[in-house]
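Letter by letter, the chains look like this.
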Amino acid sequence: LSRAARPPARKAWIALDLPKVESVPKSVLRDTHFSVYVRLTERQETDYATIVGLIGAGGDLSRYYRASTNTDVLLREHQVMHLHLGGPGSDALLYLIQYPAYVLLLCVDTHRHMRPPPGGGLNMLGRKEFEVKVEAKIKVDIAKLMESVAKLVRKPKPPEPEGQGG
Amino acid sequence: VIVDRANAAKARPDAIDITGLSPEELIADLGRRSVLV
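Line order of the protein sequences matches chains C and W. Residues in the first sequence are numbered consecutively from 1, following the working numbering. Residues in the second sequence are numbered consecutively from 1, following the working numbering.
Everything labelled a hint here was simulated from the structure, so no lab data went into it. Quick reminder that beta carbons are idealized off the backbone N, C-alpha and C, glycines included. Keep in mind that the hints are not guaranteed to be accurate.
[Stated by the list, open to error] Estimated spans, in silico, between C-beta atoms of each pair:
| # | chain 1 | residue 1 | chain 2 | residue 2 | range |
| --- | --- | --- | --- | --- | --- |
| 1 | C | Leu145 | W | Ile16 | 22 to 30 Å |
| 2 | W | Ala28 | C | Ser148 | 36 to 44 Å |
| 3 | C | Lys151 | W | Ile16 | 32 to 40 Å |
| 4 | C | Val153 | W | Gly20 | 37 to 45 Å |
| 5 | W | Ala28 | C | Pro158 | 53 to 61 Å |
| 6 | C | Lys133 | W | Pro23 | 52 to 60 Å |
| 7 | W | Ile16 | C | Gly120 | 23 to 31 Å |
| 8 | W | Glu24 | C | Lys137 | 27 to 35 Å |
[What the hints assert, rightly or not] Covered, in the sense of this in silico footprint (three residues per stretch, anywhere, with C-beta under 8 Å from a C-beta of chain W), are these stretches of chain C:
| # | region |
| --- | --- |
| 9 | 8–22 |
| 10 | 140–152 |
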């Protein structure tokens with residue numbers, strides 16, 4: 001791709017506000033504060049396991065969204081997506097945040113976090129910790145890489161074999 | 001529905017990577033995260 005056609009670089013610790021989970025394999029992480037506030041049916045539990053498996057495999061999750069996903073204030077303002085467990089009419093939702101290479105699961109709860117102000121009752125502490133840690137880890141990795149490159153550049157060239165000079 | 005908020009507020013040590021767990025393991029793990037009493 002030319003420089004102009006290339007999509008903007010995405011930072012691993014910046015949440016995405018896309019109305020779908022991208023169909024590429026992503027690591028699924030359970031937030032430090034992840035809790036289940038709903039008594040789940042067998043079907044809802046199976047849906048949860050299927051969703052986690054599909055995210056890990058880069059599969060299609062569109063059957064767990066509702067049409068309203070495009071006008072979702074919680075997604076737009078907090079980058080929090082909600083997937084329905086047990087069918088589109090169910091009141092058991094899996095709240096999650098999508099990053100370029102990760103999906104962070106926040107909780108399983110009712111629609112209460114969708115009511116105004118959207119996201120008001122969600123515990124975002126684990127999310128903040130996660131984003132800070134991912135950013136710090138990537139910066140350390142980059143620093144290590146730059147150090148290795150600098151060492152290579154500084155390394156003295158081996159002397160040329162005799163008799164091959166000009 | 002009664003929620004054990006004290007338990008819900010308790011932070012686990014770190015975000016846990018659950019990618020690759022089997023459906024049975026995921027469902028068992030999910031059950032352990034329930035704060036309903």
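Here is what the structure says about each hint:
In this structure the supplied range 22 to 30 Å holds for Leu145 of chain C paired with Ile16 of chain W, their Cβ-Cβ distance being about 27 Å. The given range of 36 to 44 Å is respected by Ala28 of chain W and Ser148 of chain C, whose C-beta atoms sit roughly 42 Å from each other. Checked against the hint of 32 to 40 Å, the C-beta distance between Lys151 of chain C and Ile16 of chain W comes to roughly 36 Å, which is consistent with it. Look at Val153 of chain C against Gly20 of chain W: about 39 Å separates their beta carbons, and that is inside 37 to 45 Å.
At about 59 Å, the CB distance of Ala28 of chain W to Pro158 of chain C agrees with the hint of 53 to 61 Å. In this structure the supplied range 52 to 60 Å is violated for Lys133 of chain C paired with Pro23 of chain W, their Cβ-Cβ distance being about 28 Å. Separation of Ile16 of chain W from Gly120 of chain C is about 26 Å and conforms to the stated range, judged on CB atoms against 23 to 31 Å. In this structure the supplied range 27 to 35 Å holds for Glu24 of chain W paired with Lys137 of chain C, their Cβ-Cβ distance being about 31 Å.
Check result for the region 8–22 of chain C against chain W: violated, 0 residues qualifying (beta carbon to beta carbon below 8 Å, three or more required). For the region 140–152 of chain C, the stated coverage by chain W is not satisfied: 0 residues place a CB nearer than 8 Å to a CB of that chain, which falls below the threshold of 3.
When each numbered hint is compared with the structure, violations occur for hints 6, 9 and 10.
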